[in-house]
Amino acid sequence: MLRVEGLSHAFKNGGETTLVLQNINFHVRKGEMIALLGSSGSGKSTLLNLMAGLMKPTEGEIYIADQNIVKMNENKLAEFRRKHIGFIFQAYELLPNLTVRENIEMPLVFQSTRPSVRKQKALQLLEQVGIPDKAELFPSQLSGGQQQRVSIARSLITEPSVIFADEPTGNLDTKTEEEILAILKELNQTMNTTFIIVTHEREVAQQTQKIITLRDGQLQTTQPAVDPQAEAEEVQA
Amino acid sequence: MRISDLTRLSWDQVRRRKVVTMLCAAGLSIGCAAIILAMSIGESTQQIVESELNSFLKMDEITVMPNSGAMPGQDNPDQVNEEANKRGLLTDQKLEVMRNMKHVTAVVPYQTFDHLEMTTADSKEGYVEVVATDLTRIKDFGETFAQGKADSVDINSVVLSYGATMGLMDEETRNKLYEAMERSGYDRSSQEQYRNMMVIPTAMYQTQIQLVKYDENGKQLTSTPLQVIGVLKKPKGRSDISIAQDSKIYISIETAEQLRKELVPSSVENSTPTYNSVKVKVDAEQNVKQVEEQLQRLTVSTQSNLLQKEQLEEQFAVFKAIAIGAGVFILIIASISIIVAMTMSTYQRRRQIGIMKVLGANLSQIRNMFIVEAALLGFLGGLLGIMFSYWIVWGINALILSLNSGESDISIFIPYTAIPVGLAFAIMTGIISGIYPAVSASRTDALTAIKRD
Chain A
-9 MLRVEGLSHA
1 FKNGGETTLV
11 LQNINFHVRK
21 GEMIALLGSS
31 GSGKSTLLNL
41 MAGLMKPTEG
51 EIYIADQNIV
61 KMNENKLAEF
71 RRKHIGFIFQ
81 AYELLPNLTV
91 RENIEMPLVF
101 QSTRPSVRKQ
111 KALQLLEQVG
121 IPDKAELFPS
131 QLSGGQQQRV
141 SIARSLITEP
151 SVIFADEPTG
161 NLDTKTEEEI
171 LAILKELNQT
181 MNTTFIIVTH
191 EREVAQQTQK
201 IITLRDGQLQ
211 TTQPAVDPQA
221 EAEEVQA
Chain B
126 MRISDLTRLS
136 WDQVRRRKVV
146 TMLCAAGLSI
156 GCAAIILAMS
166 IGESTQQIVE
176 SELNSFLKMD
186 EITVMPNSGA
196 MPGQDNPDQV
206 NEEANKRGLL
216 TDQKLEVMRN
226 MKHVTAVVPY
236 QTFDHLEMTT
246 ADSKEGYVEV
256 VATDLTRIKD
266 FGETFAQGKA
276 DSVDINSVVL
286 SYGATMGLMD
296 EETRNKLYEA
306 MERSGYDRSS
316 QEQYRNMMVI
326 PTAMYQTQIQ
336 LVKYDENGKQ
346 LTSTPLQVIG
356 VLKKPKGRSD
366 ISIAQDSKIY
376 ISIETAEQLR
386 KELVPSSVEN
396 STPTYNSVKV
406 KVDAEQNVKQ
416 VEEQLQRLTV
426 STQSNLLQKE
436 QLEEQFAVFK
446 AIAIGAGVFI
456 LIIASISIIV
466 AMTMSTYQRR
476 RQIGIMKVLG
486 ANLSQIRNMF
496 IVEAALLGFL
506 GGLLGIMFSY
516 WIVWGINALI
526 LSLNSGESDI
536 SIFIPYTAIP
546 VGLAFAIMTG
556 IISGIYPAVS
566 ASRTDALTAI
576 KRD
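If you read the sequences in order, they're chains A and B.
Counting from -9, one number per residue, gives the positions in the first sequence under my numbering.
Counting from 126, one number per residue, gives the positions in the second sequence under my numbering.
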């Protein structure tokens, strides 16, 4: 589903070149939920932006749904993102002047989908993320957790091949974090959507099926995640 | 992206960003109002001048004059070719040919006398231009009688223009008026008093008048009394003073012959009467040119007012073009404010644009959103401009009225064509001004825009 091959990226700062990512190779299967784990400055956000087509790598290829996004121009990328990629941001990034329903519908607006179809899909997703009664409210009238649920619903409305979540629980308290992660896991299982979650928290990463650890721009390990509860039971035994 | 979504999202921004909307709409409304006003003043002035012109120079009339060198009473007939002179005269025979021409509805000959002194039975005096014509045809040329009529005319009957009834006064009053003016050094108030006296009408219908001429020895020659059988209506759309200056007394050709004997005894009697000019009335303005060409075959000179009208239209076209140019210039200036305001707005909305791009909006979708927004601003500015122009025109008309003591035939109107033209210009300016901010918005780097410090 997603393949990263020989990916390297460097930033030029004046005359100095800083290598942010170095020869990254991995793949993600359809329906998998993986975590990109790393500390601040490890290159995980750059990797996410490259995979989402928001940046061009210095070297290497990225395949999503068998299409090399590195070779695409800006308009083609916009079209590709519209169809195949969903985003969940740490700060939700909802449009404040639109209602919750209108925010969720937004990606379909760019696809010229009929309003009645959009509305039906948006209401259905609101039901799935557990806030069916908030459709006509504005983002400012919602709590952080509720806004993130709206953001999740928005990312799912186009039924994308992959959803990139950038620190989706970074702005939330522990209880809400658990709720959001539970929603993501449930959606991953019920809708068979591929999730790539960028996080610096090991507890969050351990909720996924696979953890890709980055350190200083290099792929450190790719390992199956261990259920924290199972791990605790193992230690006790 | 659906047009309804595009419009809804753009309208939402127009509604929300009140300061930007206000700035842009204000600039555009001034430009739009300038264009509407330019067109309105141009169109109104043209109509006012044309109606003024029509009251002096009728568009369906042709003035026919003897061909060059054939004017009656020419002092040196030796200098002109006598044969050509005879051919070019306006005779009764030619008048008959003119009357039978297609599209000709009336033909009236004129012989002009000098300006003579007119005295009334109660010793009032005034100066009039004496015109000999067919009195029964006066009506055919759009003149209407305020009093009396001239259906059947006896010799010694006269018709007065309204101007001929104005400013008549006895010698003593006139002299006093002149003295007062001299004493005051022709100051404003004495001139005002003179003007007021000159426009006072006298009841002249069914009174008797006499015409007076002085010969080269200073001897006074007085005509037999003439009966006023009619007074023409006061012309509309002209000032009283200009009407008073146009004082005419119309007499028949026969009366003219008699007057010539009485007042110019030295003149030679002419067996075949000829005329100074002939007025030919045509059934419609569009046939004037054709009739004029036919008339010229009679070896006469013709003069219609078509040329003046064409010249006037050309001059007004230039005036309107200059006025619209000024309006467009104001719109261009206004467009700078839109570019600045919208560019600022684009910068403030970078994050929103970035999110939209991440969600899949392409370059043209972002660009179109801004262009539709600019067009909506143009539309709003246009509507405001229309409102402003109505208020300004209302103000101008109120000012004209107050300057004319509540009575004025002159008023500015907004032609219907000016409204869509003004609105179209405002929308077009909005769109053109929105192109740069729209392109710059579409080029916003999504990643930079959504990055949080």
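Simulated from the structure, these hints should not be mistaken for laboratory data.
Among the hints, erroneous ones may be present.
Stated by the list, open to error - In silico DSS-like links for lysine-lysine, alpha-carbon gap of 27 Å or less:
1) B:K249 x B:K338
2) B:K359 x B:K434
3) B:K211 x B:K406
4) A:K46 x B:K576
5) B:K338 x B:K406
6) B:K338 x A:K66
7) B:K301 x B:K338
8) A:K73 x B:K227
9) B:K373 x B:K386
10) A:K2 x B:K404
11) A:K66 x A:K111
12) B:K576 x A:K61
13) A:K111 x A:K175
14) B:K274 x B:K249
15) B:K338 x B:K183
Claimed, not checked - Just the calculated beta-carbon pair ranges, DEER-fashion:
16) B:T573 x A:G(-4): 18 to 28 Å
17) A:G21 x B:T573: 31 to 41 Å
18) B:N522 x A:S102: 47 to 57 Å
19) B:N522 x A:R104: 27 to 37 Å
20) B:R140 x A:D123: 25 to 35 Å
21) B:D570 x A:T7: 16 to 26 Å
22) B:M469 x A:R205: 20 to 30 Å
23) B:L437 x A:S102: 29 to 39 Å
24) B:R475 x A:G(-4): 26 to 36 Å
25) A:G134 x B:M469: 27 to 37 Å
26) A:Q114 x B:T573: 30 to 40 Å
27) A:D123 x B:R475: 28 to 38 Å
28) A:T7 x B:T573: 13 to 23 Å
Ideal placement from N, C-alpha and C gives every residue a C-beta, glycine not left out.
Do the hints match the structure? See the list:
1. B:K249 x B:K338: holds (16 Å)
2. B:K359 x B:K434: Holds - the C-alpha atoms of K434 (chain B) and K359 (chain B) are around 24 Å apart, at most 27 Å.
3. B:K211 x B:K406: Judged against 27 Å, a Cα distance of about 25 Å means the pair holds.
4. A:K46 x B:K576: Cα-Cα ~16 Å, so holds.
5. B:K338 x B:K406: Measuring from Cα to Cα gives roughly 33 Å; hence the hint is violated.
6. B:K338 x A:K66: violated (100 Å)
7. B:K301 x B:K338: holds (23 Å)
8. A:K73 x B:K227: Violated: K73 (chain A) and K227 (chain B) sit about 80 Å apart, past 27 Å.
9. B:K373 x B:K386: holds (20 Å)
10. A:K2 x B:K404: The given pair, whose Cα atoms are some 93 Å apart, is violated under the 27 Å limit.
11. A:K66 x A:K111: holds (25 Å)
12. B:K576 x A:K61: Holds: K576 (chain B) and K61 (chain A) sit about 24 Å apart, inside 27 Å.
13. A:K111 x A:K175: holds (20 Å)
14. B:K274 x B:K249: holds (24 Å)
15. B:K338 x B:K183: Distance ~32 Å between K338 (chain B) and K183 (chain B) Cα, so the pair is violated.
16. B:T573 x A:G(-4): 18 to 28 Å: holds (26 Å)
17. A:G21 x B:T573: 31 to 41 Å: Since the Cβ atoms of G21 (chain A) and T573 (chain B) sit about 33 Å apart, the hinted range of 31 to 41 Å holds.
18. B:N522 x A:S102: 47 to 57 Å: holds (51 Å)
19. B:N522 x A:R104: 27 to 37 Å: Cβ of N522 (chain B) to Cβ of R104 (chain A): about 52 Å, so the range 27 to 37 Å is violated.
20. B:R140 x A:D123: 25 to 35 Å: holds (26 Å)
21. B:D570 x A:T7: 16 to 26 Å: holds (20 Å)
22. B:M469 x A:R205: 20 to 30 Å: Violated - the Cβ-Cβ distance for M469 (chain B) and R205 (chain A), about 43 Å, lies outside 20 to 30 Å.
23. B:L437 x A:S102: 29 to 39 Å: violated (56 Å)
24. B:R475 x A:G(-4): 26 to 36 Å: The hint (26 to 36 Å, Cβ to Cβ) holds, given that R475 (chain B) and G(-4) (chain A) are roughly 33 Å apart.
25. A:G134 x B:M469: 27 to 37 Å: Between G134 (chain A) and M469 (chain B), where Cβ atoms are some 31 Å apart, the hint holds.
26. A:Q114 x B:T573: 30 to 40 Å: holds (34 Å)
27. A:D123 x B:R475: 28 to 38 Å: Because 33 Å falls inside the window, the suggested range holds.
28. A:T7 x B:T573: 13 to 23 Å: holds (20 Å)
The structure fails hints 5, 6, 8, 10, 15, 19, 22, 23 (numbered hints given earlier, in ascending order).
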